[in-house]
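Colleague: For reference, the chains in residue letters:
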Amino acid sequence: MTTYLSFLGPLAPRSTIALARLGVIAALIALIVFGALRYDNFLSSYNALSFLRYNSMFALIALGMALVIMTGGIDLSVGGTAAMASVVAAIFSPYHWAAGLAGGLAAGLVVGIINGVVITRLKIQPFIATLAAMLAAYGTGLLLAGNQSVSVSYDSGFTEIGQGDFLGFPIPAWIALAFYIAGWIALERHPVGRRVLAIGDGEATAKLMGLKVEKTLMGVYITSGLCAGMAGVILAAQFGAGQPTEGVGWELFAIASVVVGGTLLTGGVGSIGATLAGALLLAMVFNILNFENGLGWISLSAYWQSVIRGLFLLAVVILQAKIAGARANG
Amino acid sequence: MTTLDTTTPAQTPAKRSSLIWISRYGTLVAFLALIAFNMAVTPNFLSWQTLNVNLTQVATIVIVAVGMTLVIATGGIDLSVGSLMAISGALAPMIFLGTIYPIPSPALAVTLAFIVPVVVAGALGWFNGFLITRWSIQPIVATLVLFIAGRGIAQVMTNGNLQVFRNDAFQFIALGRVFGIPTQVIIMAVVVALAAFVIRRTGFGRQIIAVGGNEKAARLSGIPAVRVKRLVYVVSGALAGIAGLVVVARNSASDANLVGLGMELDAIAAVAVGGTLLTGGRAYVLGTLLGACVIQLVRYTLLANGVPDAAALVVKAGLIVAAVFIQQRAERG
Amino acid sequence: MLLSMKAIDKSFSGVRVLNAASLEVEPGEVMALVGQNGAGKSTMIKILTGAYSRDAGSVTFQGREVHFSSTADSQSAGIATIYQEINLAPNRTVAENIFLAREPRTAFGLVDRRKMRAEARAVLKRFNLDIDVERPLENFGAATRQMVAIARGVTQNAKLVIMDEATSSLDEREVAVLFETVRTLKRDGVATIFISHRLDELYAICDRVTVMRDGRTVAVSAMKDIKKLELVRTMLGKELTAFTAAQRNREEADGATLVEAKNLSAGVRVRDVSLAIGKGEIAGLAGLLGSGRTETARLIYAADRRDGGTLSVGGRQTAYAQPADAIADGIGFVSEDRKVEGIVPEMSVRENLTLAILPRLQKSGIVDRARQQEIVERYIKALGVKCASPEQPIRELSGGNQQKVLLARWLCMNPRLLIVDEPTRGIDVGAKAEILKLLRGLADEGLSVLMISSELEELIAAADHVTVLSDGRSVARIPAAELSEERLMVAMAHQDGEAA
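Protein chains in written order, with full-length UniProt numbering: chain C, 1 to 330; chain B, 1 to 333; chain G, 1 to 500.
Chain C on its own, in the form it takes in the complex (with noise of 0.2 Å):
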């Protein structure tokens, strides 16, 4: 009977994109190894730490742009969301380390079901509505701070989320961590995760197998919204103030992240692990061109990195359409 069916089976190997992501993985390794060989302090744990202390914020707002692109949307606010949850978190610091980190989680929170509600009942594409709550948020931020940065208070405990340690490795790197893996067992291993990635592969059809759709779009709105307020907190932590012009471009920076782990824009197809592949690497750039000038050989300006991280970027979304279009034909 099998061999009769034969002409059934697969017409494709496993997946070419997983191939890809493991791509940007092996990419992320070759980059720390080459730095490790080329400059000495590069695998320093002051270098390491600092690097991971920084770039949480990035990743945590790489995790939920992956979530909601994922579901074949996008997600524009993420930047704004988190300027605004820096100033709220620094305005609640005072009181208590946890009011402001329960405070900027909660500006994140309203923002992801402003935006959650407009794209699920007002039906408006995910593109315009978050571009909306992106500037509501900057605007709100900016009314709450007056208009400047608003120190945060040193008394509550409240800078260790960005400043402290625990266990020898940042507080935001943790935290960073655990989004993390509450995100891959959402993804991989919980029903959820089907969901969103179901959407992604077509909204009607999930509906029409009985998915609740808009109940998904929203809480993944919500997660990501709840993702940009915490990187929002570290923010505020990090640099004692919550700065509302801050965040300008980090949505793009975001989506650049999720496309270079392998996720694509059209939804469907994407994977959590290679999400902060894609951020860090896109992050490392930006440290190995400090180490290079370090090494004083040649001084490449740290402009460079915007432009490297835009070549990585093109070689990634080449790679995918090539892949892409070779699946197509195949």
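Please keep in mind that the hints were generated in silico from the structure rather than gathered at the bench.
Among these hints, one or two may not hold up.
What the hints assert, rightly or not - In silico lysine-lysine, DSBU-like type, Cα no more than 30 Å apart, as pairs:
no., chain 1, residue 1, chain 2, residue 2
1, C, K212, G, K115
2, G, K339, C, K207
3, G, K437, G, K386
4, C, K215, B, K216
5, G, K115, C, K215
6, G, K46, C, K207
7, G, K125, C, K207
8, C, K322, B, K216
9, G, K115, B, K216
10, B, K216, C, K123
11, G, K46, C, K212
12, G, K363, C, K123
13, C, K207, G, K115
14, B, K216, G, K363
15, C, K207, G, K186
Given chain C, put chains B and G in place with the hints provided.
Modeller: Only chains B and G this time, still in chain C's reference frame:
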């Protein structure tokens, strides 16, 4: 299967036609209402001063948004416009200040400072179009590449330094006046008029709409969809280049970190409020002009009446959602 | 009785599409539901699955009167629907697709992946399908996907499976496998409603047939009690007479050949196709779905690239790179999919009509509105397009009128060859006859037409000769004098060199 099956239960005709009316003229009505409101409330509203302030504020956004309208009409989007502005804005002073290569004739230098940046921006726009058409990369991702790399290129070119200059001939593009009208406003008007004409009356305009409306059908009707798309991104890039020139000329300074920052979203907002849906197949150039004016006027109205600028952002957000919501509702009928 | 739909009425904006229609299915039986496009099959199914609500009548399922408000509703009641375009998530694995939205869970509420895998394998095994359930669905062919969809339905305890044109994208081997699945279902007491345009399939698998026409149920019969010709006659009803309006009034063409394609090939869909079209002829192109009809037409039009073969038009060898080149050489192409490849929905009738001749209407880039207007008015009149004004968006027109505009899009450039793919699909009877008559008239004036149609009667009525494709090869060329349904069907069933 049959055509009848797809008929949706219609709303009451009266409700539908009023929705259509709002979606068609809502932006115009909002514009007129804002003017009326300001005439009544805001002191010194009816003055040359006010008009000039508002028009110069809006000019660069409109110039970029017109290109964005064409791109969106083909079903695409261009996130790179802000970065292209930065490149063009960085390049121009380098040319007439002789940073790249000293040009002896000031007239030639200024001429080149006008032409080269726009050509470069247009070429980068072509690159966007190339990525999109050659590899079928989604426009939002393809233009993200230059969004990120473009500003970096501008920063690398200037090493991140502020270029301060005074060059009356070059700055005429922003600070000059023709018959008392600021040059940048004239440029804006010309761009709008040209684009509106192209869309309505030329074959290229019809091709843009057809490609955005149904690319497969357009291709099968012999329309060179690839060429049309690339050209649209070239136009968008070149217009961003012009806007970049205007911005640096206005400021007498070019800061690659700031020129055009966030412009892509401002332009998209103007397009959306102006009634061009992001799904493609339509282009309301005049609507975009109106959309940008409404957004600007809301901001001005709030500012002039003591509401902080930040609140205007929130209002702008509401405006965008409301405008798109009404259009979609009218659409579904 | 498992399902009983009685006296169902349904109207859309005042137009009645179902008129006291009925449908009854016994447990474990395979019921064929047939009828021409527009007969009301789809509406009937949509009412059954809860996608539409009914205006009047009763639906009884498993002995209870039911009012499903959504497809999810009917699914949980035990009705699974398998569509032509498979409604599953292509990037998810086979197992995930079967269990999406009701995954087996572990004690922690996470997906019990082991159990899910095992159960997926078990259910597929019942259908003799031994595949890696951990692979994304898109890695599998259409038949496998259909079976996964059925497996999904079965695990939901479906008592009734609806297959809506489920076989139309499958080749014969795949159809055979799918039929095996249907028989397995039958053994388990699951009933099937089987909708297909391929009559032979009905005879192969169905127990009974319900025939619908113009929104009514016109016949119910045991499959073995109704002859194919009688079935066709019942389906078509008065339509047969409509086609006679397009009677050809000339014999075999006068000899001059316009198009000659030799040994065309492209990919797996077109292997070896040769055909010739004379000047002023209507050449038919017949074949089952998937035989390469549309693909052949697209090769001639350069919408797709050919791998091999030669094409000469008007005595000259051609190598068009893109449709624009074919258009410039006087070839027009009306696609089978009006919505996806034909109309630009937001544009007006005027702009849709002149889309292909835009280059000729321009003077230094600017469209000559006066000439455009004149052409549009002329063709609206000549073809009898019913529209409020040329400025009306084309999406508001009926299918027949849209089709006329699309024909006009090409006629207004005075083509030498017009390729029409399923020109009467989804069009009401009157408009059908009109369009066929129009094509005949144009051919009489010297236009060559290549007409693809899956409606044999249409080919017989209109074509001067028919080239029959089977599995990507041209296997017969039948002149008008010898055309009959029988002859066409024998040729279409041709396989690997031996007549069936």
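Colleague: Would you mind marking each hint as holding or not holding in the structure?
Modeller: How the hints compare with the structure:
1. Simply put, K212(C) and K115(G) have alpha-carbon atoms about 23 Å apart, close enough for the 30 Å limit, and the pair holds.
2. Restraint check: the Cα-Cα separation between K339(G) and K207(C) comes to about 23 Å, which is no more than 30 Å; the hinted pair holds.
3. Under the criterion of a C-alpha separation no larger than 30 Å, the hint pairing K437(G) with K386(G) is consistent with the structure, at around 17 Å.
4. Under the criterion of a C-alpha separation no larger than 30 Å, the hint pairing K215(C) with K216(B) is inconsistent with the structure, at around 34 Å.
5. Distance hint between K115(G) and K215(C) is fulfilled; the C-alpha atoms sit about 26 Å from each other, no more than 30 Å.
6. Our distance criterion of 30 Å between C-alpha atoms is met by K46(G) and K207(C), whose separation comes to about 15 Å.
7. Proposed proximity of K125(G) and K207(C) is supported: the alpha carbons are some 27 Å apart, at most 30 Å.
8. Among the hinted pairs, K322(C) with K216(B) is consistent with the structure: their alpha-carbon atoms are about 21 Å apart, no more than 30 Å.
9. At most 30 Å may separate the alpha-carbon atoms for a hinted pair to count; K115(G) and K216(B) exceed this at roughly 45 Å.
10. Of the pairs offered as hints, the one joining K216(B) and K123(C) holds, with about 26 Å between alpha carbons and a cut-off of 30 Å not exceeded.
11. At roughly 21 Å between alpha-carbon atoms, K46(G) and K212(C) fall within 30 Å of each other, so this suggested pair holds.
12. For the hint linking K363(G) to K123(C), the alpha-carbon distance of about 43 Å lies beyond 30 Å, and the restraint is violated.
13. With a C-alpha separation of about 25 Å, the suggested pairing of K207(C) with K115(G) holds against the 30 Å cut-off.
14. Under the criterion of a C-alpha separation no larger than 30 Å, the hint pairing K216(B) with K363(G) is consistent with the structure, at around 26 Å.
15. This hinted pair checks out: K207(C) and K186(G) have alpha carbons roughly 28 Å apart, not beyond 30 Å.
Of the numbered hints given earlier, the model fails hints 4, 9, 12; all others are met.
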